[in-house]
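J.: Chain residues, written in single-letter form:
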Amino acid sequence: MTFTIQIENGTEVRNAEADSQRTLYPYVTGTSVVAIKYKDGVLMASDMGGSYGSTLRYKNIERMKAIGKHSLLGASGEISDFQEILRYLDELTLNDNMWDDGNSLGPKEVHNYLTRVMYNRRNKFNPLWNTLVLGGVKNGEKYLGMVSMIGVSFEDNHVATGFGNHLARPILRDEWREDLGFEEGVKLLEKCMRVLLYRDRSAINKLQIAKMTEEGVTVSEPYSLKTFWEFKAFTNPTVGAEGSW
Amino acid sequence: MFRNQYDTDVTTWSPTGRLFQVEYAMEAVKQGSAAIGLRSRSHVVLACVNKAQSELSSHQRKIFKVDDHIGVAIAGLTADGRVLSRYMRSESINHSFTYESPLSVGRLVVRLADKAQVCTQRSWKRPYGVGLLVGGLDESGAHLYYNCPSGNYFEYQAFAIGSRSQAAKTYLERRYESFQESSREDLIKDAIMAIRETLQGETLKSSLCTVSVLGVEEPFHFLDQESIQKVIDTFEKVPEEEEDAGEGEAEPEAAPVAAGTGEQGGSGDQDVAPMEM
Chain A
1 MTFTIQIENG TEVRNAEADS QRTLYPYVTG TSVVAIKYKD GVLMASDMGG
51 SYGSTLRYKN IERMKAIGKH SLLGASGEIS DFQEILRYLD ELTLNDNMWD
101 DGNSLGPKEV HNYLTRVMYN RRNKFNPLWN TLVLGGVKNG EKYLGMVSMI
151 GVSFEDNHVA TGFGNHLARP ILRDEWREDL GFEEGVKLLE KCMRVLLYRD
201 RSAINKLQIA KMTEEGVTVS EPYSLKTFWE FKAFTNPTVG AEGSW
Chain B
1 MFRNQYDTDV TTWSPTGRLF QVEYAMEAVK QGSAAIGLRS RSHVVLACVN
51 KAQSELSSHQ RKIFKVDDHI GVAIAGLTAD GRVLSRYMRS ESINHSFTYE
101 SPLSVGRLVV RLADKAQVCT QRSWKRPYGV GLLVGGLDES GAHLYYNCPS
151 GNYFEYQAFA IGSRSQAAKT YLERRYESFQ ESSREDLIKD AIMAIRETLQ
201 GETLKSSLCT VSVLGVEEPF HFLDQESIQK VIDTFEKVPE EEEDAGEGEA
251 EPEAAPVAAG TGEQGGSGDQ DVAPMEM
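In the order they appear, the protein sequences are chains A and B.
Going by full-length UniProt numbering, the first residue of the first sequence is number 1, and it counts up by one from there.
Going by full-length UniProt numbering, the first residue of the second sequence is number 1, and it counts up by one from there.
This is chain B alone, in the form it adopts within the complex (with noise of 0.2 Å):
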């Protein structure tokens, strides 16, 4: 009934004890398209969506590499994600410079929630509109770290953000209890079978989704574009025509990829707020 009226600024209370404009910033989160992170007791997993503005443009880079031991998906503002990458880079590569010594990501994660939580509390800021799942290995083993506009963080085994993200959630929550033992192959094909869940009803193909692994002795990196297929392969039946000349092999993309992007633009432009552009 207030909420018009307590949500100009961000340091203005309601009378229900509400800052409207964290929770805007929220929905921020809900609008990007979707990321997802699973963690086992030595690897973590970050995939999301490949989600392009047009036919005619490439898609956005979602997941970004802070470390060597440190990777981060983020849902939302992709512009203030960009910037939190880079104060978390700036934050990972001044401590291994001092230290020699990788910075712990527990210790990486409360410093994003207090810049966070700054911009909560200062009338001529706005909070970030960016929700970012932070996935790193340390001494005390792998980890996985979601962080709110509004400065909280949690850690989770496994978590999805971004719009269709609750299909992608209650498929992991079904599946969560055996992820702290998974092998690393099975880590992957459960992120890509969550990332599938998140499409509804379109085809999966490796050219929708981006899939980043890390672990012990394994830095962060990429999968490229062939291994996803093989992992999506072993589970997606090959739909009839034109699949069949893109099964197994990354190179004939033409006639799926024109397939599938005619599918992606009716309907990323109904589900994607225009902010994420």
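The following block holds chain A by itself, in its conformation from the complex (with noise of 0.2 Å):
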């Protein structure tokens, strides 16, 4: 797309600079988030790390974080596109603190700011590109969504992204309850990050997992997952296959 027009409100002049302008590829990116809910609101875990292409660059990145009151994000993907979403909650936020009116954002509220904008930037061709988990518990009622960077949009009460998709979820359609207290529920979680970590090349052992309840929204402090590589196929590998390495 190289063709040259100015458009009548003047802020855009399309040429071939312009393509640049686009996102057209994610540099450092996040791997897996996963989310679920549990009895006393939501839970969701994400490892801290940023990929740059293979190599695994950047070993402290905080992929969740807290929006208002009542919400917390996680993303993966790029890592600088979720940096300027955060940016756009923040100006949200103050906006909706500003009235001081006794009325505040809720995920609901959150999660679909997050599709329109999405999917708007989808529209332009110029996405962000991200997929995003929402979760947060509001007058009682727990809630937990998932945009993409194309702006699909839905709720669950299980969700995850990126390889968590395929190694997480089976785990999590055959094991989740609605009923599961907060430590069963962390279980759960680590179960899931625990395969993510042996699987999943971009992944890291060094995780948080956030907590959202009626009380408000907490994020641990970092911590590593115990991990076991000593199954005898391990030991020998090529013991089948002389010359393989």
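None of these hints come from the bench; they were simulated from the model.
Treat the hints loosely; a few may be bogus.
[Stated by the list, open to error] Simulated pairs of lysine to any residue, SDA-like, Cα-Cα distance not exceeding 25 Å:
{"id": "1", "chain 1": "A", "residue 1": "69", "chain 2": "B", "residue 2": "140"}
{"id": "2", "chain 1": "A", "residue 1": "108", "chain 2": "B", "residue 2": "97"}
{"id": "3", "chain 1": "A", "residue 1": "142", "chain 2": "B", "residue 2": "176"}
{"id": "4", "chain 1": "A", "residue 1": "108", "chain 2": "B", "residue 2": "169"}
Remember, it's a predicted structure, so these values are computed and weren't measured experimentally.
Make the complex out of the two chains shown on their own, each in a separate frame, by following the hints.
T.: So this is what it looks like as structure tokens:
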């Protein structure tokens, strides 16, 4: 698309350079986010890695952030676009607070706002390269939803992004229940994250778990999962195929 | 004394610090036919008097639905009121689209007030000549606001605007302390009784008033003539001849209506300013 036209309001002149202003591929990416509803609210887990292609370059990226009093946003995909989204939401929550009138944005409103933003960017062929997970509790109602980079949006009892879709969701489909307690919920999420750690090459062993309840939103300190690499098949992997590596 | 020198346009102050054009706009509100609003903890009722221009015409619509959870009653220049109702509907639906959530009444009212204020500070505009009673429900409860042409807005437990609204306000002042805990039915009854005060002598009939309700689990809607008449019958003593036929049923309206509009036509012309048409 290298044609040249001047749009009437003067803000856009389309030419070859304009292509570099659109997102064509992501650079620094975060991997899966997994989230579930549980008895008292919503739990979300993600690791702290930012990959630069195949290099695990950044190991201290917080991919989950609290939004207002009631919601939490987790993102996979391009980290700079996630930061841009956080700026949009910052402005949104600021304006919401400035009204100072006892009303506040709940997770449902934030989710729908983000859906509009993602879909509009997709329509302009300049997407925010993220899959977002939005969870929260307001007035006793638990909310968990997801928006993709093309604006596909839905709510569910458990969601996962990226590799999590393939590795974590089958586990959740089997083992998720409405009345999971906090410890059970964390154990379930850790089970999913462990599988992802073993099998997703962009995953690192440093994760955070966030809890959303009526009282508020908290993100845990980073910690790592115990892993086991002493499976017999790993000790002498080439025993069945001499000469291989 | 200086009124006539400083009242030509809205951007001229008088020496005593008044904007006469804005005050004249508020006069226009007082000339319109009455509109009344009351609220309880869970419901808001908006009611108005149906003023028809002549016997031949139908009455003007003065209450508008803005959304399932917000309604507005107007008094003054009805045309200005329609335009502002359209703005309110637009704001409400845009908010619903972006956030999938109803717009809270307080925020809508502030936007409306800011819109009105703009017209008090541009030399090429004039203030909106309409007062709006905005009633609605949001997560912080039921609310009733009054928006002035000046750009001010106030929250009320109950209020009345338009011609002969003082009589209604007196009635409401006597009883407003009970409104917060009122039941829906009592609130409606109080609204209709307040309307009766503004009629000052004319017999109260369901054809003379429009009543609308909204509340928790009850989206904004108008009450039909039958329901209104039923409420009227609970407190209005049945007057002699023609009313007997009309009692309890909306149908045999022919006789009462002829008498009613005859009265209306006479008093209507004197009280209602030409611009309300």
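J.: If a hint holds in the structure, say so; if it does not, say that too.
T.: We went through each hint and held it up to the structure:
1. A:69 with B:140: Roughly 16 Å separates the two Cα atoms, so the pair holds.
2. A:108 with B:97: holds, 12 Å
3. A:142 with B:176: With a Cα-Cα distance of about 38 Å, the restraint between residue 142 of chain A and residue 176 of chain B is violated, given a limit of 25 Å.
4. A:108 with B:169: violated, 41 Å
Checked against the numbered hints above, the structure violates hints 3, 4; every other hint is satisfied.
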